[in-house]
Amino acid sequence: MTKIKTLADLERIKNEMRSDKDLNGSQDNSENAVKIKVGMGTSGIASGARDVMDFLTEALEKRNIEAVVSQTGDMGYSYAEPTIEVRKPGQKPVVFGYVDVKKADLIIEKYIKLGEEVEGIIPVNYKTIDD
Amino acid sequence: MTNLGGSKMSQHKQIRIALNNCGVIDPENIKEYIARDGYMALGKCLTEMKPEDIIREIKDSGLRGRGGGGFPAGLKWEIACKNKADQKYVVCNADEGDPGAFMDRSILEGDPHAVLEAMAICGYSMGATKGLIYIRAEYPLAIERLKIAIEQAREFGLLGKNLFGTDFEFDIEIRYGAGAFVCGEETALIHSMEGLRGEPTIKPPYPAESGYFGKPTNVNNVETYANVPIILRKGANWFNKIGTEKSKGTKVFALAGKIKNVGLVEVPMGTTLREVIYEIGGVIENDKKFKTVQTGGPSGGCLTEKHLDTPIDFDNLVQAGSMMGSGGMIVMDEDNCMVSVAKFYLEFTVEESCGKCSPCRIGNKRLYELLDRITQGKGEMEDLKRLRNMSNVIKDTSLCGLGQTSPNPVLSTLDNFYDEYVAHVVDKKCIAGQCKDLMTYFIIEENCVGCTACARVCPVGAITGEKKEVHYINPEICIKCGACEERCKFDAIIVK
Ligand SMILES: Cc1cc2nc3c(=O)[nH]c(=O)nc-3n(C[C@H](O)[C@H](O)[C@H](O)COP(=O)(O)O)c2cc1C
Ligand code: SF4
Ligand code: SF4
Ligand code: SF4
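Going line by line, the protein sequences match chains A and B. At position 108 of the first sequence (counting the first as 1) the number is 107 in numbering that gives the first Met the number 0, and the numbers step up by one without a gap. At position 168 of the second sequence (counting the first as 1) the number is 167 in numbering that gives the first Met the number 0, and the numbers step up by one without a gap.
All the pointers check out, no bait thrown in.
Derived EDC-like pairs (lysine to aspartate or glutamate); straight-line CA-CA distance at most 16 Å:
id : chain 1 : residue 1 : chain 2 : residue 2
1  : B       : K30       : A       : E15
2  : B       : K287      : B       : E304
3  : B       : K43       : B       : D166
4  : A       : K4        : B       : D166
5  : A       : K2        : B       : E168
6  : B       : K355      : B       : E198
7  : B       : K233      : A       : D130
8  : B       : K43       : A       : E10
9  : B       : K30       : B       : E154
10 : A       : K2        : B       : D166
11 : B       : K12       : A       : D130
12 : B       : K30       : A       : D8
13 : B       : K233      : A       : D129
14 : A       : K4        : B       : E47
15 : B       : K43       : A       : D8
16 : A       : K2        : B       : E150
In silico negatives: residues of chain B with every beta carbon more than 10 Å from chain A:
id : residue
17 : G194
18 : V456
19 : E465
20 : I476
In silico contact screen, one side only, chain B against chain A (beta carbon under 10 Å); selected entries:
id : residue
21 : V23
22 : M39
23 : E47
24 : F101
25 : L107
26 : L140
27 : F163
28 : K259
29 : V261
In short, the hints are calculated from the structure, not lab data. Idealized CB from N, CA, C, for every residue including glycine.
Required output: the full structure, derived from the provided sequences and hints.
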């Protein structure tokens, strides 16, 4: 890794990371992949987020669904841990709460594959610094 | 960018500034932080701004310390900048000792680079090359992620020498605390890092004049730092449009207790308690009546219905008889006994007092004993006066902030729930039904069919009665375990 020496160096990494601006900086920016983030703060992990992440990574691969599963920090919804955010290609991200392995399976089969609704969606309830 | 999550949206009450990246980026990947404009503020500061410009920007933003005191951050940086020395230090206070609080932990776990970037900016503005993060050892995940973040920042040349091609160098080390509440107090924290006992010393001198090993030291809280890069990116005038006249920006709260949506919330200063509790927290469960909201942890107080429309900011909460504190917010309902709540916090304080000065060491113990007596039904009216007098003495004469604020839970409950204290003392009753010593179990004759179920389950043989006849509980023997009440199928057993 060459060291960052200028603002332009930072810009370069930034652009590399989000050639597609909507990807929110996910590392893999392939356009067809489903992007899943698992809330892995202390309270998420304590509620079983690691199992959910392992399951998702494995199951998506086995079922031949192009996907990137990554960890993130606490999404703030302690009451509904574990929480995951799912972003299907070209769609807005959706946050699911109360996700155990069974629920994760349902999310893959129903929401990701068929686009059907799955219970436990947490509506975004905040503004960001860019709004 | 708006992402509505596929559901109907009213106007959002929350704005995520300090939590901007939390739950969005992978905290173990510096590139994801950079992709969200991370380290841009540091780059801009080092290449385009003078230290005094940065300090002015932070001052203009109105940012105040989020660790509890609410001291203006820019002013603190300026003092540290003006005090000349061969070495200065930037310290991040990640001790987070309030029971139930986890705002700072979440920020460090979810967005560690924001804190590193802010510390480097602070270092440049005050002329310090060393940063120290004081974190409790009970936060292993936050520590792990901080270590990874520091390592990656060094690798990318964002910590170390010649940052952004300038002469400026800055590096950060982690220091571990054993999790004593008093070590969150800045002078105690510094002594603990120096290898001394974690006991507070009298201020002045403030750390900004004489801190770590006698050198000018800037101490800020995790959340305070987390705001800094965004303020410098978006500008002081963006930030200071959010909030109230004297408290700018947002505050993160760990919302807990008798509400549906327990978790982290970040609201603009000026949001009312009612909005946080009812609209974000969600209505109280089981139709129980809202009773109080506790803010400020062991240093804060219990506010009531009449305070619910208070816009949250540093000054309003103090005026209402509580304080902002670091951001704990616990909602309680009619099942919570206020004397017990005060007792809970005093027990914590007695445990955590460092013992250096007598008002705090002995006074809080006495307060606790009085409260304990009252919850046992052994209190007298005179005790209520004693509580108040002693509280005021402890506040006025304690050496550090711990003792100066520890009686607040007692005073605020005395102010707002005096009747409940009187009920414990005079009627020997706990309305909330929480004080075991004041409860009696008894059997309603009309409902009892004499099935004997209760007598069989009572662990101490307190219940007597012939089969098919009314049973009777001997209050002298009963240990108030509640087993009989649960067992009776005829609603014949009640607690009063
Ligand atoms: C007993 C006691 C405990 C404290 N605990 C903390 C703490 O856990 N975290 C924190 O940031 N500040 C804590 N403080 C406040 C610090 O002394 C200091 O004011 C603060 O770290 C300054 O940062 P800020 O201006 O950014 O808030 C505590 C103060 C007292 C008196
Ligand atoms: S007030 Fe309490 S915690 Fe603070 S120095 Fe005195 S004894 Fe120690
Ligand atoms: S369980 Fe209820 S009904 Fe049966 S004897 Fe006890 S009090 Fe009476
Ligand atoms: S409360 Fe417990 S001890 Fe008292 S009478 Fe009922 S079962 Fe016995």
